[in-house]
Structures are given as C-alpha cells and as structure tokens.
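First to last, the sequence lines map onto chains D and V.
According to our numbering, the residues represented by the first sequence are 11 to 355, in order.
According to our numbering, the residues represented by the second sequence are 11 to 355, in order.
Careful: at least some of the hints might be erroneous.
Where chains are identical, the list cannot tell them apart; a pair therefore holds if satisfied intra-copy or between any two copies.
As the list claims (entries may be wrong) - Each computed EDC-like pair below joins lysine to aspartate or glutamate, with the alpha-carbon atoms no more than 16 angstroms apart:
(1) LYS222 <-> GLU151
(2) LYS119 <-> ASP108
(3) LYS119 <-> ASP104
(4) LYS197 <-> GLU276
(5) LYS59 <-> ASP152
(6) LYS347 <-> ASP324
(7) LYS196 <-> GLU240
(8) LYS52 <-> ASP21
Hints are computed from structural coordinates only; laboratory data are not their basis.
Protein chains: 2
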Amino acid sequence: MKTNTNFTIEDIAREAKVSISTVSRAINSETRKKVASATLRKIDRVVKKYGYAPNFAARTLRAASTKTIGVIFPAFTGIFSNTYYIKIFSGISDFFLDTEYKFKIIPLKGGQVNPVNYDFRAAEGVDGLIAAHWPHFFSHEDVLALNIPCVFLNDYEENLPVYCCGGDQFTGGKEAARYLLEQGHKKIGLITGEEKSSDSRLRVLGFTNYLKAHGIVLPESAVARGNYHEDEAYKLAESFINKNPGLTAIFCCNDEMAIGLIRRLEERGINCPNQISIMGYDNITRAGSFSPGITTIEEPLYQIAREGARVLLDYLKVGDFSKPLKGERFFPSMLIKRDSVKTLR
Amino acid sequence: MKTNTNFTIEDIAREAKVSISTVSRAINSETRKKVASATLRKIDRVVKKYGYAPNFAARTLRAASTKTIGVIFPAFTGIFSNTYYIKIFSGISDFFLDTEYKFKIIPLKGGQVNPVNYDFRAAEGVDGLIAAHWPHFFSHEDVLALNIPCVFLNDYEENLPVYCCGGDQFTGGKEAARYLLEQGHKKIGLITGEEKSSDSRLRVLGFTNYLKAHGIVLPESAVARGNYHEDEAYKLAESFINKNPGLTAIFCCNDEMAIGLIRRLEERGINCPNQISIMGYDNITRAGSFSPGITTIEEPLYQIAREGARVLLDYLKVGDFSKPLKGERFFPSMLIKRDSVKTLR
DNA sequence: CTGTTAGCGCTTTCAT
DNA sequence: ATGAAAGCGCTAACAG
Numbered sequence: 011m012k013t014n015t016n017f018t019i020e021d022i023a024r025e026a027k028v029s030i031s032t033v034s035r036a037i038n039s040e041t042r043k044k045v046a047s048a049t050l051r052k053i054d055r056v057v058k059k060y061g062y063a064p065n066f067a068a069r070t071l072r073a074a075s076t077k078t079i080g081v082i083f084p085a086f087t088g089i090f091s092n093t094y095y096i097k098i099f100s101g102i103s104d105f106f107l108d109t110e111y112k113f114k115i116i117p118l119k120g121g122q123v124n125p126v127n128y129d130f131r132a133a134e135g136v137d138g139l140i141a142a143h144w145p146h147f148f149s150h151e152d153v154l155a156l157n158i159p160c161v162f163l164n165d166y167e168e169n170l171p172v173y174c175c176g177g178d179q180f181t182g183g184k185e186a187a188r189y190l191l192e193q194g195h196k197k198i199g200l201i202t203g204e205e206k207s208s209d210s211r212l213r214v215l216g217f218t219n220y221l222k223a224h225g226i227v228l229p230e231s232a233v234a235r236g237n238y239h240e241d242e243a244y245k246l247a248e249s250f251i252n253k254n255p256g257l258t259a260i261f262c263c264n265d266e267m268a269i270g271l272i273r274r275l276e277e278r279g280i281n282c283p284n285q286i287s288i289m290g291y292d293n294i295t296r297a298g299s300f301s302p303g304i305t306t307i308e309e310p311l312y313q314i315a316r317e318g319a320r321v322l323l324d325y326l327k328v329g330d331f332s333k334p335l336k337g338e339r340f341f342p343s344m345l346i347k348r349d350s351v352k353t354l355r
Numbered sequence: 011m012k013t014n015t016n017f018t019i020e021d022i023a024r025e026a027k028v029s030i031s032t033v034s035r036a037i038n039s040e041t042r043k044k045v046a047s048a049t050l051r052k053i054d055r056v057v058k059k060y061g062y063a064p065n066f067a068a069r070t071l072r073a074a075s076t077k078t079i080g081v082i083f084p085a086f087t088g089i090f091s092n093t094y095y096i097k098i099f100s101g102i103s104d105f106f107l108d109t110e111y112k113f114k115i116i117p118l119k120g121g122q123v124n125p126v127n128y129d130f131r132a133a134e135g136v137d138g139l140i141a142a143h144w145p146h147f148f149s150h151e152d153v154l155a156l157n158i159p160c161v162f163l164n165d166y167e168e169n170l171p172v173y174c175c176g177g178d179q180f181t182g183g184k185e186a187a188r189y190l191l192e193q194g195h196k197k198i199g200l201i202t203g204e205e206k207s208s209d210s211r212l213r214v215l216g217f218t219n220y221l222k223a224h225g226i227v228l229p230e231s232a233v234a235r236g237n238y239h240e241d242e243a244y245k246l247a248e249s250f251i252n253k254n255p256g257l258t259a260i261f262c263c264n265d266e267m268a269i270g271l272i273r274r275l276e277e278r279g280i281n282c283p284n285q286i287s288i289m290g291y292d293n294i295t296r297a298g299s300f301s302p303g304i305t306t307i308e309e310p311l312y313q314i315a316r317e318g319a320r321v322l323l324d325y326l327k328v329g330d331f332s333k334p335l336k337g338e339r340f341f342p343s344m345l346i347k348r349d350s351v352k353t354l355r
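Construct the entire structure; sequences and hints are all you get.
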C-alpha cells in the first residue's frame, strides 16, 4: 500500500499528459466548464487514482479562499463546558456540517491581538469571523479596522461594520419586569451587568422602561452595578438589602449574580423566594439545578449562532466584498419560570 | 485610522532598512537569536507599528508548520451538545489555551475522505490530528497511509502508527462485573456494542473474563449484540428477556442501550431495578437525570483528550519525524453507583 | 551577523 | 481549449 506522497498538480498533469493550468482548471468548479470533457475524464481518472487533493496553503496564498471560518472569543479555561458557548458552538457546527466550510477555534487572550491591524485572513487563514463576547478583546477602533467579514453574536453596538446577531435584550428586560409586576411585586431592586456590556445596558433599559410605564421608578439606591460575576453579587448582597428595606424582588442581569445574591442572603437568614424573589437572565445550566430553581430569561443562542453562520456564509458565497457585511437581527427571548420568584397575593 | 493593508515581510524590511531574510529571522523564535539585538530593535519597532503578522498560507507553503491541529470525528448534528464530545473538546481546548496552537474542527462524513491518500497536512493545513471514533471514517489501511502525526482517542487497536489515548476498557468491563457480583447477582445478561468497536470488544472481554474467573459463564442466549443505539436495545429488550428467564442483571456496553432497555422493559411491566438490575457505560449526562439513575462506568475523557493533545504537541515540538508518533496510554475508569442496580440480599 | 536567491503549489493572465 | 510563465509571501540554503 503506497504511502501518501504529497502529490502536486504537476504529478497529475504529467500523468494525464496535460499542462498544470489545465489540471488547475479541472479541479476548480468555477473554471471546470472551460475544459474539454475528454480532457476532464483523463484528469479525473488520475486525480482519483492518486487521491490527489489540492494544497491548502498554496491555494490560500494565491488569494483564493480557505473555506475556513474563525470563531473568536475570550480565552478561558472550560469554555467547552460552558453552556453559553456550547449552544453557540452547536449552532455554528451544525450549520457548517452541511457546507464545505470548516471552522477554526481561535481563543483570544486579552491584548494578544495587535489592536488595530491584525490581519485575521492572512495570519489565521480564515475567510471570515464569528465573534462571541467581542468587547472582551476588541475596542470600537479595532472593529473598524477589521478588514474581514465578521458576525458578532450578541453585544450589539451601533455603527459597526459587522453583522450583529443576538437576543433581543431590551424585550428580555421588559419581560422580566412584566413578570415581576404580574406576580404582584412593586418594591423592586436591580443588579446590572458590566458597564461596557451593551447587552446589560439594554436589559436594564427594557426593565426600567417597562416599570416606569407602569408607574414604578427605581430609587437610585435600588440599582447596584454588578459585573456579571457571582462573587461580586455575593459581596454586595448584604449592603444592598440593608440600603433597601422592604424590597420584595430583585432582577439580576445574569444568573450567576442571581445565584451569588441568593447564596449570601440565605447565609444571612433571608430566604428566596419566601422573603425575597430573585430573577436572573441567560438560563445557564445551574439555573435549573440550583435550589431554588432560578426564574430567568433564555436567549435562543443556538439559533442565534446558526443564523450568524448562515449570514456570514451567504455573504462569502456571493463574494461581493465591495460593500461590507453589515446588519443586525434580534431573536426574541423566553421567560423560564422556576421557583425563585414568589407570587404575592 | 489606517485600514489593514496586508503588510508583508518586504514592507517591514524596506522600512527597517534590512533584508527580508533578516526580518524573517527576527519574527521566528527559532532563528531570532541569530539576529543582532540592535537590528532586532529596529525590526520590532516597525513590526509593531504596522501590526504586521506573518502570512499564514505563505508560511505553510514553505513547509513550516501551521501551528494548527485538526480535530477529526464522524460528522453528526449536535456534536457540541454531546457530553462525550464536550469532554473531549474541553480537554483539547483547555490544553491548547496555554500554547500558541489553534485547532480546527474537521467533521468527517463517511466516505468523504479518499481512503488511502488524503493528505491532511496539505489539504487542511494542519500539523497533526486528534481523532475521536476513528473507526467510523478510517479503515485500518487508511490509518497506515496517514502521513501525519496522529492521536486516537479511545478505540485502541494494535499495530497502528499512531498514539492511542483512552480509557481502560478491559478494566472497566471487569469493574462492572465485579460490582454486579458484589451486589449478589449471578444470572447475568450482556448487550454488546458495535462489532467494529474495539472498545466494546474489550469491555465485553473484561466483563466475561471476570465472571468466568468467578465461576460464571454466560450462556450464548444471554449475550446479545447491540449497536450502541438506544432504539436497537429498545427493540431487542423483550425477546432478550423472554429468552433468558430468571436474569437478575444486565450489563449494557453503553448508557444509551441501558436506557433503551429499561424503557422497553418498563412498558412491559418489568421494573428496573426492582425486577431487574441494569448497568450502562460512559456516564452520559442522561444517565444521571434518567429515572432510575443509571449505574455506570465513567471514563476520564477530559483527561484523556488533554493528555492526547499534550503528547501530540510534544511530538510536534521535538520535530523529529523520522520515527512516527506511536504509543498508548490507558486511563482507569470509575464506577458511578446510582439506582439501576439493586443489591440482592 | 546579514543579504541574495531559489523555490513551496497553486491560480491566473496572456498567448496560441 | 490549452499551455507558458509570473508571482502570491515566506523560509532556508548559500555566500559573504
């Protein structure tokens, strides 16, 4: 059995008694029709015989596409065990399965990429990019200089030359407010996410707008800035409660913070949901298994990622790069009712 | 702000007033020490100024490494939601995080790869391969012709020019037998996995050997060939039970089959574990949430994958390809006790 | 220590 | 319809 010996287009040309250009034409779907069918037959036979496959690097170098998409996200351990990313990778992976495209996992350490000029296409060999949590590694300027078609998943921001595909944060925040009101809550608190996260800002906006429309204005003391992390919420829990006596419900901009909050309050003898109701956002796996089950808002991340991949591929296939890939699409979120919110009679 | 304009080594050389070879030396860690430090400083400044990054394709073409590993596995929808693969990807991803390597997701459709000659290095731009479930897309011959360093996760087979990293199936099967015996079972049945899966064969071997050593020989009727799929086990459940009256326990070579079996038996009014005990293998997520909880064997897949990645990278870094990457390492599995096995008094 | 030069395998004009 | 030849950006002899 013959060992793989890196056949080149030249080997094929020699054996088929044609020139390398003809072989090149034959193996590229776009140019294949320019070759006589008798010639095609000869070439195909030889290609098959040797199991020839064109050299990826040589093709790329000649400015063709790599048929590879880069998936970029902040580097951290355990990303493939993280439910947020599992849904995203699932959506992307399932979509690309039916295409000839592969994807390359590119974790980005903070400050690793030279801000304004890193050329992903040349340096990573990818045709396009799908980014999750982009504010963790790109500044606004970086994005403007990003000379490659790019889809952002969530963290929508205006005036960016990319396609944004994400959950409808504003409506999600609104839904949270509506549910709390429906359950009879009136004295409500709010823990926001990171300042730089547009998702958090929109969740907050949707939430407070809805409350305002129903005659409830949160006092300044009832709004705390969190950072999406469980321990931060854990730390601020006590003083937050002390500053706001009489609160019956708190909306946290993500589940981690809801859990941190509940943990600390329980320690201080304040039971959720009996003494205080708490809502989260994202529906992470733990939200379901935690006790009490966290009432939360779920984004259709699988769909979001899948649609992002689809849009990117469509753009790449059309191949008109004169105008950048740009646009946005928001998916409705879903209220997940569990046990952390009590109905006030 | 200047838009990314694909700087080349030549641009850098011109601006730094040195030759392109010097730039090349400067940007490669292996050759960097051959450049005078004053020259280095000049070059580094320019590189930084332009955010220059070497062209991936050109480097690859020049036979350098791509610093990219291909991860290959049978193509199927939902792979990133599959607990087996989540653990594997987690292990690989976490390991590569601390390296300069990326990995590329390459799902392989059955028969997609030209059997004996597909050149992964050239065609996919990868330096090495990590394969899961390789028997699904490679024949023994394919593997022999695989002209690239390769690590197989599980599905160990002898005399393959690859490094195998997997769970110790034989001991796992043995543990299952030991546990069943300890719980007082004597009339035992067995549902195997796919014929072509060496993992299944070894599980079976470990299992039956241990039983034999303790005076129990399974009658032919008490061994059914399954195919790892839930519905297959579901289908064969009834006739299997009918053929083997008096059975108190059944060992299934994976959890899916255990679940299929239990489902069907419940439908026929046979309760697990009260009327029959059933064990699985793999500890998939459902094994824990299914009712009854499935007693099973867990392989340290995260560790296995991580170690596989480590071995591959070590080999690649040493760079002596005169002898192929070859070897094996087996990790002990762990018994997970749940509710599907009853203790006989 | 640095520069010159020959390709790596392919696609793509430009001829024929 | 086909072939000859240039060159993509880089690395690695080789020569100084």
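Alpha-carbon proximity context of LYS347 and ASP324, limit 16 angstroms: Answer is neither; intra-copy 37 angstroms and inter-copy 49 angstroms both fail.
Homo-oligomer pair classification [GLU276, LYS197; C-alpha up to 16 angstroms]: neither (20 angstroms within a copy, 50 angstroms between copies)
Intra- versus inter-copy proximity for ASP104 and LYS119 (alpha-carbon distance at most 16 angstroms): Close across copies (13 angstroms), not inside one copy (26 angstroms); limit 16 angstroms.
Within, between, both or neither: LYS52, ASP21 at alpha-carbon 16 angstroms: within (13 angstroms within a copy, 44 angstroms between copies)
Identical-chain pair category, LYS196 with GLU240, by Cα at 16 angstroms: Answer is neither; intra-copy 25 angstroms and inter-copy 50 angstroms both fail.
Intra- versus inter-copy proximity for ASP108 and LYS119 (alpha-carbon distance at most 16 angstroms): between (31 angstroms within a copy, 10 angstroms between copies)
Up to 16 angstroms CA-CA - GLU151 versus LYS222, copy category: Close neither inside one copy (35 angstroms) nor across copies (70 angstroms); limit 16 angstroms.
Homomeric proximity label, LYS59 with ASP152: Cα distance no greater than 16 angstroms: between (47 angstroms within a copy, 15 angstroms between copies)
Hint check: violations occur at hints 1, 4, 6, 7; the rest are consistent with the structure.
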